[in-house]
Each structure stands twice: as C-alpha cells, then as structure tokens.
Amino acid sequence: AQKITQTQPGMFVQEKEAVTLDCTYDTSDQSYGLFWYKQPSSGEMIFLIYQGSYDEQNATEGRYSLNFQKARKSANLVISASQLGDSAMYFCAMPDNDYKLSFGAGTTVTVRA
Amino acid sequence: NAGVTQTPKFQVLKTGQSMTLQCAQDMNHNSMYWYRQDPGMGLRLIYYSASEGTTDKGEVPNGYNVSRLNKREFSLRLESAAPSQTSVYFCASRLYLEAGELFFGEGSRLTVL
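Residue numbers (my numbering), protein chains in the order written: chain W, 5 to 117; chain E, 266 to 378.
It is possible that part of the hints are untrue.
Unchecked claim - Here are the simulated DSS-like pairs of lysine-lysine, each with C-alpha atoms no more than 27 Å apart in a straight line:
no.	chain 1	residue 1	chain 2	residue 2
1	W	77	W	42
2	W	7	E	322
3	E	322	E	279
4	W	77	W	7
5	E	279	W	42
6	W	42	W	74
7	W	20	W	42
8	E	274	W	42
9	E	336	E	322
Derived from the structure by calculation, the hints contain no laboratory data.
Please read all numbers here as calculations on a predicted model, not as lab measurements.
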C-alpha cells in the first residue's frame, strides 16, 4: 500500500478563517492522484476533491482547494472561510499500484465560533 | 438515490460467533470494497472486488471472507469473531477499479465481546 501521512491529528480554527491540512505521500509512480474525504461526527464519508498529478492547475471545489507540491510529495487541503459545519475528520487517500485507495490516519478539525 | 447500502448498522457479537455484513450498490459500479476504520489508523482495506466474479485481499484480510454475489452485492463474513475485529466497517464502490472516487455506505459498527 502507498504510504500516506497526515501529521496533524487535530486542529482548531476560528470561524471564517482558512485552514490548511497537510498530507504527504510516498510513491514512485509517475502518474497518480490524490483524494480528500470528510467524515463528520455522523460517520459517513464524503468525497471532497480530487487532483491528478498531471493536472496543471490546483483543483478547486467551492471553498476547498488542493495544493499539490509534487517536489515535496505533498497535497494539502485548504478550506477557506471555515464554517461550523466544517468540523469533522478529514482523510487524504491515494491509489496504490493496483489502484486501490490507501488512506491516511486523518486530521480532526474543530471550528470555533 | 440509495447509493451504497450496508446492513446491519450496528451489531454486537460474542467471541466465536459468525456474522455477515451485507452491501449493495445501485450505481452500476464495477468495483466494490470493504474497509475497516479504527481510531488513529484511518481506513484499511480488507478485501475488494475489481469486477463481478473477482475478489482479492487487501491490507488486513485475516479473519474475513467475502463474496461478490453479483454486480450489485458484496458481502463480508466474519467466521469466528474476535475482539480485535471490533471496528466500524465501510463498504464502498467505484465505477472502475482505475478511476473515479469511492462512494461509501454509512458504515456498520461491530462490537465483539
């Protein structure tokens, strides 16, 4: 399985501020992609954003953007203008050689009013 | 739109008992997956089925068996439950093995006493 590392177990952010979640990966593949998922306290897994390594522009979906830095092997998720509903656990995931997704350990984000 | 449906949502077993988690998707996806989620460890792949008629081991297959009953259904069986199998189990599907995001069921919380 690919090694996916999320070094921040928990973060606090003030409402309306931006927060950056770190994700680093270890791959020798030339072509790969990275997914981010959100898991609120209710438990379901919600797909947020995806970017392939050959995409020239960083992916953006509403308030979510993916900051790919291939030289550093990192793909950080930026949530702009945080809302209370953004409080959740966030996972990054990457396909391995057999296309199966491997997940990081997750980062818990708590948005404060 | 049901998406991915898994049953049961909650189950308590005694050590040594057996049970089957059921999963069905109505999106005509080819690939299906079973993950387990444990605190601090993200999601780990138990088994997957790249397409109807095939199944393969993931990262943590010991103690589990799977059946891809048809294109829609993928079940996970615990033959002799152990306390180490206490976890939240997620079924997921993907249009193709190689592409697209994973769509998850709501999860099944299993406790083995």
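Hints, verified against the model:
1. 77/W with 42/W: 21 Å, holds
2. 7/W with 322/E: 18 Å, holds
3. 322/E with 279/E: 25 Å, holds
4. 77/W with 7/W: This hinted pair holds, its Cα atoms lying about 11 Å apart.
5. 279/E with 42/W: Violated: residue 279/E and residue 42/W sit about 32 Å apart, past 27 Å.
6. 42/W with 74/W: 23 Å, holds
7. 20/W with 42/W: 18 Å, holds
8. 274/E with 42/W: At roughly 20 Å apart (the allowed maximum being 27 Å), residue 42/W and residue 274/E satisfy the hint.
9. 336/E with 322/E: Distance ~18 Å between residue 336/E and residue 322/E Cα, so the pair holds.
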